[in-house]
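Participant: Residue numbers (numbering that gives the first Met the number 0), protein chains in the order written: chain A, 0 to 229; chain B, 0 to 219.
Since the hints were made in silico from the structure, they are not lab data.
For every residue, glycine included, the Cβ atom is placed at its ideal position computed from N, Cα and C.
Among the hints, erroneous ones may be present.
Label pairs and their calculated CB-CB ranges [said to hold, decoys possible]: (1) Thr91(B) to Tyr90(A): 41 to 47 Å; (2) Leu187(B) to Gln81(A): 39 to 45 Å; (3) Gln126(A) to Ser182(B): 32 to 38 Å; (4) Leu187(B) to Pro50(A): 18 to 24 Å.
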Amino acid sequence: MAAKEEVKLLGFWVSPFVLRVEWALKIKGVKYEYIEEDIFNKSTLLTELNPVHKKVPVLVHDGKAIGESFVILEYVDETWKQNPLLPQDPYQRAMARFWAKFAEEKIFEGAWTALCSQGEQKQKALQQTREAMEKIEEQLQGKQQFFGGESIGYLDIILGWISHYLTVWEEVGSMEIIDPAKFPATMAWINRFLKHPVIQGTLPPREKMLVYFHQRSKELGSTSHGWLRV
Amino acid sequence: MDQMAEHGQEVKLVGAWHSPYVHRVAWVLKLKGIAYEFVEENLNKKSSLLLSCNPVYKKIPVLVHHGKPIVESLFIIEYIDETWKDNPILPTDPYEKAMARFWAPLIDEMLLEGSRKVPYAEEEQLEKQIQQVSEAMEVLEGMLKGKKFFGGEKIGFLDITFRWMTIWLGAIEEVAGVKFFNSGKYPLLEDWKNKFIGFHVVKDNLYPMEKLVRFFKKYR
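Just chain B, same shape as in the assembly (with noise of 0.2 Å):
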């Protein structure tokens, strides 16, 4: 509690409730224990609230502290590490932290940019995007050798940022009908999926399938 009467109430996340960027922001809030205002976007008609804080890209989340906003979700996650200090989500070697910082915008780039597409690619694409994932998958699950969490013994920053994974794909694979998470192939990513599941606050924040499914057909 002292530690959110020193740095403020005011926490706003400016987000969608389908975007994983804005979950895993809001994962790392409730983690940490700081109380904060969702604002819903309607992305197709943004806000002048979305337009003020975020100028330069008009994309969220945004985090707004003190009045004063914060965008792209690594970086937030970053801040909140910074201003509250309890429960640290990066590790805090200097070496972990460059391989954390290392591997979250690839993994981003490869598996979260990548599977997004698949529901709406072309036949060409699809192969490509569906090689691509599996690449992905394949590195993360070379990660989790000896490990029980990407962060090790505990939920760390990799696997708040590889959370979505855990509820997205399963999404995609419905609405696609291809298959990412392969037991047989990758069984200790299998197994991370399968904990986090049932880890009680994450549990709280887990998303509707259902209604993440209808969002994507509804695109396609």
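One chain only, chain A, in its complex shape (with noise of 0.2 Å):
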């Protein structure tokens, strides 16, 4: 492979954020480095490579480096155009980075604050993070497999975090997110998702993750948390 082509990715191995541009990569079956960062320890690659943020992931490709996960994952989808993760339709494309954009705010943002907080702002979140989750399921209705349509898409990698880590926080934050009974739809398509060849062997394991979050909801719900949202 020609140098021109290297793709690197710097990441951090419980970040749901770089997990997303893994499983992107993979469904498009491009090669690339995995470089592990120690977030708490940036090295002074990634602080040259992502100065602004200085966080994972960065996806180094013909040696220009891009962050933030929902701009690499439209990268990827640009520059290798097999098994397309976004919708063609523009109007399709328009509703899946709405609901992208939607659910990182309110479900994911939701589900951490709870997570890292305690008593009234708790129960806020997590009534936030439900609400929102019942939008989701209204638009799973009806699906025969995943937010992409027959093939995993762009808003399925969005939302792919929740069928692994949602649990996890949910055990480490003694609180239910989602009731299984009253979200069918979400947890069908999580039991599909899981099963999907390319997400499989990817995620991280969850007794570690358990001890991770266990730490850090600790060390956040000490102090108010700005930027770092792993």
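Make one complex out of these two single chains by using the hints.
Facilitator: The structure is reproduced here in structure tokens:
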């Protein structure tokens, strides 16, 4: 492979944002070098490549660095055209982008806040997350396989963290975010997602995650958390 | 004209005159020569049209095309670019596109949302907001090095995304008695601002500063 084609991914083992990029690259069959970063002890490589945020994931392609999982996903989709992630139709694309942003703001942020907070703040966050999940449940009703149709697409990748992280956070945070009985379409989607050959083998070990998030939620619970959402 | 006939005449933009998010969509429609109907919303009394078009967030702008609503100003611009392909707004190169998509929401958060709070901020918050706005302006100053516009030789996506600054920031400066633009500290940004005002398509949309100032003062 020519050096020009070299793809590197800077990541952190438990980051759901990094996982998204890995899923996208694997779906497209793009070979890449994975570089593990210690986000609590950032390397000069990371700070050089992503000076604004200093966050993972960072995708490096043709020597150029791109940050932010949403942005990277669209870049990957436009650069490697096989197995498209986003729909072709402009309206469907706008819808996919909308739901992705909505899910990130209401579900990811909500669940994370619920994990790291107590009392009223926790309850409020849980409420927000559940209400948002109801909208996702509606979107999934009648879907045969995935948001992307027969195959995994952009929105499945963006929401995919739910299939593996949510129950871990529920356990660590002693909370129930979704009652499986009330979210049948979501549960079915989760099962299909987890069984997908591309997803299998990519997920960080649950036991390790429990330890990690237990630690993090304690640390973050005692201060107001800023940028770092892992 | 062929483009318009092909994609249907019915384009509605639901918005409010004081929203920079709405304006950026209007500028794109004008730049592309797309005819549209503007539907003014009173945000204190949202219409059933808005509530049915954007039930999730109930926010403006909403673009309605072929009866289908699209929301979030940046997504609307991408939709317009993908539907009416002449005079592309976003860069065609995937990496440049990625950079545009990276910066637009970030600057919106740091600068647009940051500066918006300034006229209404309490003492302690004010310092913080001003600091955040300055940081963002420094980033923008850096991005303009060696360029005429953020888009290069011509106005591009980021110019359109940031253009609200040339009007709104001035109004906020006046109401809050602060100074954001500083030709000494941010000479390139100052040049950019002035270039933009001279540009004819954009000149038609130039917003009466006095009306905005009155609006901010009213809600202070």
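Participant: Hints first: check each against the structure and report whether it holds.
Facilitator: Each hint, compared with the structure:
no. : hint                               : in the structure
1   : Thr91(B) to Tyr90(A): 41 to 47 Å   : violated, 21 Å
2   : Leu187(B) to Gln81(A): 39 to 45 Å  : holds, 41 Å
3   : Gln126(A) to Ser182(B): 32 to 38 Å : violated, 49 Å
4   : Leu187(B) to Pro50(A): 18 to 24 Å  : holds, 19 Å
Violated hints, listed in ascending order, are 1 and 3; each of the other numbered hints is respected by the structure.
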